[in-house]
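> As a plain string of letters, each chain reads:
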Amino acid sequence: MRRLQRCLILLVALFAGAAGPAWGALRIEITRGLESATPIAVARFGWSGPGPASPESVSTIIAADLARSGRFAPLQELPQHPLRKEEVRWSDWRRLRVGSLVIGSIGQAVGAGAREYQVEYRLFDTFTGAQLAGKRYPRVLPDQLRWVAHLISDEIYYALTGERGAFATRIAYVTETAGREGEVAYTLNVADSDGGSPVVLRTSPYPIMSPSWSPDGRWLAYVSFDGGSSRIMMQELATGLRREVTGFPGINGAPAFSPDGRRLALTLSREGSPDIYVMDLESGELRRLTSGPDIDTEPAWSPDGRTLVFTSDRSGGRPQLFRIPASGAGAPERLTFTGGYNARAAFSPDGSRLVFVHDESNGDYRIAVMEIGNESIEVITNGRLDESPTFAPNGRLILYATTEGGRSALAAVSIDGRFRQRLSIDDTGVRDPAWSPGLSRR
Amino acid sequence: MQRGKAVLGAAALALMVGCTGGPQQTSSTPEVEDRPVPGTEPTEAAGGSGTEGMGTTGTLADAGGVEGSPLAAIGADGEELTRVIYFDFDSSEVHPDDRVVVEAHAQYLVRNAGVEVVLEGHADERGSREYNVALGEQRANGVRDMLRLLGVADQQVRTVSYGEELPAAIGHEEESWSRNRRVEFAYARR
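In the order they appear, the protein sequences are chains W and L.
All letters in the first sequence, in the order written, are residues 370 to 811 by the numbering used here.
All letters in the second sequence, in the order written, are residues 964 to 1153 by the numbering used here.
Hints are computed from structural coordinates only; laboratory data are not their basis.
Each residue gets a CB set at the ideal place from its N, CA and C atoms; glycine is no exception.
Hints are not guaranteed to be accurate.
[What the hints assert, rightly or not] Computed beta-carbon distance windows for the label pairs:
no. : chain 1 : residue 1 : chain 2 : residue 2 : range
1   : L       : F1052     : W       : E446      : 38 to 44 Å
2   : W       : R401      : L       : F1052     : 29 to 35 Å
3   : L       : T1045     : W       : P618      : 23 to 29 Å
[Claimed, not checked] Which residues of chain L face chain W? A partial, calculated answer using Cβ under 8 Å:
no. : residue
4   : P1059
5   : D1060
6   : V1081
7   : E1088
8   : E1093
Modelling step: build the complete structure from the supplied sequences, incorporating the hints.
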């Protein structure tokens, strides 16, 4: 019976895979921009290699990155596309009040195979003519060009704001697609922060939930329902290697890597009701941090690894956020007192804020931000079914899942709620986003 | 607390069943034997418990129906038992009207010790996903506890919660949500 079951699952998976544009890339639209965004010009990069053009439009990717940050407004129509500093007509840019100009070029790598490129760029202050940043990437494979564009975006962002960018990062998300016969396929995906270079990690006819990044960006933990019961799985991105972390009776859910990557916080209900546990990933040893008949779930590590915030209905009926030392010693401390529903917290990278799902008690589930140590909260989204918030590793944007027009999609919002964008895939439900940590490489 | 109420409710029901024979119990001699509905004999191809309608929202919505079901649970009146019960918002308390349904399943399971049921708990889409998994489990566990109190062996019952991941109705309003807050009975031979 089990064998046939597996065959069936495989068939469904194959069919769903063949059914159409199931694994398309996320399309990003800025739905609310900022007047205060700083004008910048990214000139078309010159192409000095053979053939018509480079395989990726690096300058277009950089301009889109900068726009998606909400802090820059790349010029649409440029008066010139200089390739070298000597070609820049400074007065043109000053007249347009564009203070920053990016120029660059792509060519074949020197002394390398025909399939390798070199990319270089320079960032200028148009008022002084000074170069603020610049670099040459001597050997870039074709499938690394997008990533190099994101690295350049990070460098430009840093040069102009003094803050780290979050462009050369990745996002994990779950998609749901319906095949012709109404059968559903669930897919765990990873893409660049702009939705580019999407990769399928896992497809199943059973639901997939709650992806969580390891701090080195090499592994994802997630919840699988394959075979009709829940399991926490870990998968190595580079190799596809999968391992089962837990598969106890009841709930195996809400995995969260510790900041040092050595432990996994998770939810198990093997003792009767959902409780928070921490597993040592090397020894497999489990330590239970909460107990009692209530629901305790959705653990989130503070960036210093010392405390966990989790969702619990222990205060009577509806969920609120609580904090407990990661050592397990000490009683949970209630953190939220505003509204009837506060759940699924995530820490800001600096540990000063929490972002979570909030219902004021009017039935709209929205994303709210709270400074730790301050009970007042700020609601920053305006949907009815917003959930699963996750911080960009530089703390500037929050990615979350929303429902609009009957379909689930992702959205991003600045921490002050003023800048918004939507990330969607046609005919595909997208949910459960998880923003990677800062990455040194893809 | 909702859970407390559910347990109390289950205990009260068990007491009531113990004293009066239960609301719709027909007689002490079951007239019905364990027999599958024609055309749905459990076979190898039927798949395991909990895989029923898996990944097909439409089929899950009709999980109470006969089509594609691996094993039908037959009530004392010879009719197939209702296989889905529904819950109020944020509640895991079995509705008074549905207690006869749970009771009929209990009778069926007691009569057919070789049969196993998987109780699939579900929640509506509102709120966070993992918390909804917990809510779905509370519902499934509430039904499981009732079955046990009604004499069903522990090994015959397994629970799994899908939270909001497998909605029966895909709308985003109360009509759909009320159909998604549910526990489904999925049968298989042990």
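> Taking the hints in turn, state whether each one holds.
Comparing the hints with the structure gives:
Take F1052 (chain L) and E446 (chain W): their Cβ atoms lie about 53 Å apart, and the range 38 to 44 Å is violated. Here the CB-CB span from R401 (chain W) to F1052 (chain L) is close to 32 Å, well matched to the stated 29 to 35 Å. Remark: the range hint 23 to 29 Å for T1045 (chain L) to P618 (chain W) is upheld by a beta-carbon distance near 26 Å. Restraint check, P1059 (chain L) versus chain W: the minimum CB separation of about 20 Å is more than 8 Å; hint violated.
Annotation: D1060 (chain L) was flagged as interfacial toward chain W, and the flag is violated, the nearest CB pair being 23 Å apart, outside 8 Å. Checking V1081 (chain L) against chain W by beta carbon gives a least distance of about 7 Å; that is within 8 Å, so the hint holds. Interface hint status for E1088 (chain L): upheld, as the beta-carbon distance to the closest one in chain W is roughly 6 Å, under 8 Å. Interface restraint check: E1093 (chain L) against chain W, minimum CB-CB distance 4 Å, threshold 8 Å, status holds.
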